Amino acid sequence: MLGSESQYVQYLFSGLTLGSIYALIALALVVTFNITGIFNLAIGEFVTIGALAAVTLRDVGCPNVLAYILAVIVAGLVGTLMERATINPARKASVLTLIIITIGVSIALRGAALLIWGTHPHTLPAFVHAAPLNFLGAVLIPQSLFVLGLAVVAVGLLFTFFDFTFTGKAVRAAMMNRTAAQLVGINPARLSLFAFTFSGVIAALSGIFITPITTATYDMGFMLGLKGFVAAILGGVTNATGAIIGGVLLGVIEAFAAGTLPSGLKDAIAMIVMIVVLLTRPTGILGER
Amino acid sequence: MLKRSLLVLLCLMLILAIVGCGKAKTTSEPPAGETKEAYKIGAVVDISGSAASLGEPERNTLQMLVDELNAEGGIDGHPVKLIILDNKSNETEAVLAAKRLIDQDKVLAVIGCSQSSTSLAMVDTVTKSQVPMVSMAASAKIVTTPEGKQQPWVFKTAQSDIVVANKIAKYLVGQGIKDVAFLSMNNAFGDSGLKNFEEAAAANGVNILLKEKFEATDNDMTAQLTKVKASKAKATVVWAIPPSASIVTKNFRSLNINMPLIHTHGIGNQKFIDIAEGAADGVIAPMGKLVVAEQLPESDTQKPVLLSYINDYQEKYGSRPSTFGGHGYDAFELTVKAIEQAGPDRAKIRDALEQITGFPGVSGVFNLSAEDHNGLGEDSMVFVEIKDGKWHLLAN
Amino acid sequence: MGSKKNLLLIVIAIVVFCLPLIIESSYYMSIFIVIGLYAIVAEGLGLLMGYAGQVSFGQAAFYGLGAYAAAILATRCQWPPLLCVCIAPLLPSMVAFIIGRPILRLREHYLVLATLGFGIFVYVLFKDLGTLTGGPSGLTGIPYLNIGSLTLVTDQQYFYLVWGALGLTLFGMANLTRSPIGRVFKAIHTSERAAEAVGIDTASLKLQAFVLSAFLAGLAGALYAFWVTFISPSPFGFTSSVEFALMVVVGGLGTLWGPVLGAALIVGLTEFLRWAVPVALPNAGGEFEIIFFGIIFVLIMLFRPKGLLAIEKSSVAMSHPTTLRSTDA
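Protein chains in written order, with my numbering: chain F, 1 to 289; chain W, 1 to 396; chain G, 1 to 329.
Treat each hint with caution, since some may be false.
[Said to hold, decoys possible] Here are the simulated distance ranges between beta carbons:
#	chain 1	residue 1	chain 2	residue 2	range
1	W	316	G	11	19 to 27 Å
2	F	189	G	193	53 to 61 Å
3	G	129	F	279	23 to 31 Å
4	G	171	W	71	54 to 62 Å
5	F	84	G	194	50 to 58 Å
6	F	125	W	299	37 to 45 Å
[What the hints assert, rightly or not] What the simulated footprint calls covered on chain F by chain G, stretch by stretch (three residues with Cβ under 8 Å from a Cβ of chain G suffice, anywhere in the stretch; the number is not a length):
#	stretch
7	89 to 100
8	111 to 121
9	227 to 236
10	259 to 270
11	277 to 285
Treat the hints as calculated values from the structure; they're not laboratory data. Nothing here was measured: the structure is a model prediction, and the numbers come from that model. The beta carbon of each residue, even a glycine, is placed where N, CA and C say it ideally should be.
Construct the complete structure from the given sequences, taking the supplied hints into account.
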């Protein structure tokens, strides 16, 4: 038996863990959006590639950490390649066309993942083997702490990067006003390349950190990418903090909806909350008009 | 305006041209065999999309079996040409694929699909064209008409969910467990499980205290399981396939829930145990005999079939087959057996299928008849428990 | 120009009319039926996206609402099928009318997200209202469509019905887009604010386009239900919504024939790859078809970024797409 407070704490833990992943993906989407003006709907596939590449690299004998680093690099390279092969050549096309292109890329990448890794789920070992922590009667598995930690560290590093490096400032300038940034000599093509590579890296990290909890399959990224997209817009697309809030909020709403209402309706509840938020704040939670 | 209309017209022409070519191709194709004409069998499998984890082992199995059959000389010297199409787990594409097999490839019989929903979508097509179809999916609705009779042209090789549900309910009663929580995937597989388990539970006096669902793509079922933990249930029944079945199991263990965890045949694959990493230990499930083939008594007529299937599959693909692959095996073997008896005639093949009895397959011993187009009883399943990462046959 | 164009239209109509007479194969007929169904949905979405400038990622929900309304009326209420086909599209239209006003106030990607959320919400309802919809296992026992004493059993017969409906849709669209309202729609697409500034009630026009697109999607859904005679939630999910949007964009935004061509391309390409991949690569599995589909799609968009039928130059509406553009505002 479990008291109701413990249940709520449990929902919170579960919501925060998944919410952190949504937040990270949303973060990558927001950065890309603000630099290039498009949503990269292939981001979920980057999550998949990161996670499954790490699985394969471990299988061929790489030590864990090396496998993870290489997998992140692989996913980053896929991002780079995607930008050069499909986004850059079409940079003069409309935003809608570019988004449709990212959908096409995601279809092709998912097919490739199916071909390479098959349909079986794969997994990675937990980073530390420790017993689950007990907190107010609720249970927190250690891997969740790593996921939360990744979110915090990634956000911290990102803000440091934006505030203290030249490239970071250029990105921020481009995020605020693309045209003005171009006028002062910031190269939009370089920044676009950066955005896609960065997305690959962040997404791959998310994939690797979450796989010990959720397992990895060739189509795992699709839903995560969709949720990240929801989180990004819910938060208000124009700033990184909004993405984090949107992601965590979505995760927590889902967990509480599944826990307190008929769980089949979970996704419907999350969507209703989202639509209500949008109707009351038509530009997202932290969006500016 | 003119230019665009022209373009549309050109495209129409192009499509027609392709149609023409396609036609020419099928008629001019020479018989594949040197001596006798090839027998064509079609298969529509959920190779990609949401049901890919079912379809992939089925596709592999079908491919392997047809190669073996042809190496042994085919059916009465007729080589067998098996055309496997992917429906992307999509019902509209399943219909198109079935029509292609029937109209273009002129197959003698259609095997498929992997899921109940995609199979159901094809039922009307095969019935209209009068082509025998052998589904690899579970729902009893596939072979039942709205009036409650057997669909004349449709057969299926997976055990019906009611068989599994009854098995579980009886097991619970045997263990003295009256109150259970039921978790299912929110898709056709889980839904059919839920409905049948409700029926079986009511018939056996088991109370379902809690019915929870999760999506096939969900990454965390802690919230649903927290409700289970807070309830008075004495056992949890989970109706799902990996990866969500694995995630439930891991969540279940990390939440430290102290009650028996019962899965279904949906987890019938070594991968499930590997992925759950120890969390799977203690899981109990009714299942086809495939996973415990080695432990069966010698008297079991299925044993040689199972062992040779496992052996061949392992040799070709490097891993043990899953129960879903087994449904593919049965579908192929039944179809081939029917063609052997009836020759290349769709109606006669259907009649022959209906008369197959005592046929030992992977999923059980098939006793098909006009009243039963599945032909599997409760004896086709055994209870297994996972101990130390291995399947163990439980005595009945 | 006018007479030449009419001549072409007549030729196209004759070709379409003759197709079922030439083609015996139920497979090729079915491909055309699916193209026809998708084209009807895409025409409606094309009006919304290409003319009114509102992107929807939830169109499959309306398609599904039409299908379920028709199927439920026919199986549970035993209504005559033809009546179901006529009544069913009213449900999605009503839903669109109710949600349209609040949702269409949202702009750009916020609108995309809201329609996406609506689509997922409806999809969950299909799955969860089991007693009504049959749940994830689906709804069986849908009767064949009959017109009077004629039961549409063969695909050839059904082809005439679907393409007849598509013909009417195209005819209506052609008249609508050439009418003053059509020009106003284009104005909204070009710049919603400018249109408002000159006194156009953009909100109510957008709502009309939204309701009309829902009606057409519902009609196609109802026709689908009576064709397959079985429905389950899966064809009405997010993936299908995206596919409908793909059809409109790849065909060419703001064109009459674009959505038809887009639908034909997506269905045709899938079936073509199903045939071509095994011929070219004998041992390749279904995975290759998906990869090729994605790559070909990207290539089309790279070489024809405005869609296959888009007007090359001129047309202010196309050269300055405002949809989904945000931060500079």
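Quick rundown of the hints versus the structure:
{"no.": "1", "hint": "W:316 with G:11: 19 to 27 Å", "verdict": "violated, 54 Å"}
{"no.": "2", "hint": "F:189 with G:193: 53 to 61 Å", "verdict": "violated, 30 Å"}
{"no.": "3", "hint": "G:129 with F:279: 23 to 31 Å", "verdict": "holds, 24 Å"}
{"no.": "4", "hint": "G:171 with W:71: 54 to 62 Å", "verdict": "holds, 59 Å"}
{"no.": "5", "hint": "F:84 with G:194: 50 to 58 Å", "verdict": "violated, 37 Å"}
{"no.": "6", "hint": "F:125 with W:299: 37 to 45 Å", "verdict": "holds, 42 Å"}
{"no.": "7", "hint": "89 to 100", "verdict": "holds (count 10)"}
{"no.": "8", "hint": "111 to 121", "verdict": "holds (count 4)"}
{"no.": "9", "hint": "227 to 236", "verdict": "holds (count 4)"}
{"no.": "10", "hint": "259 to 270", "verdict": "holds (count 5)"}
{"no.": "11", "hint": "277 to 285", "verdict": "holds (count 5)"}
When each numbered hint is compared with the structure, violations occur for hints 1, 2, 5.
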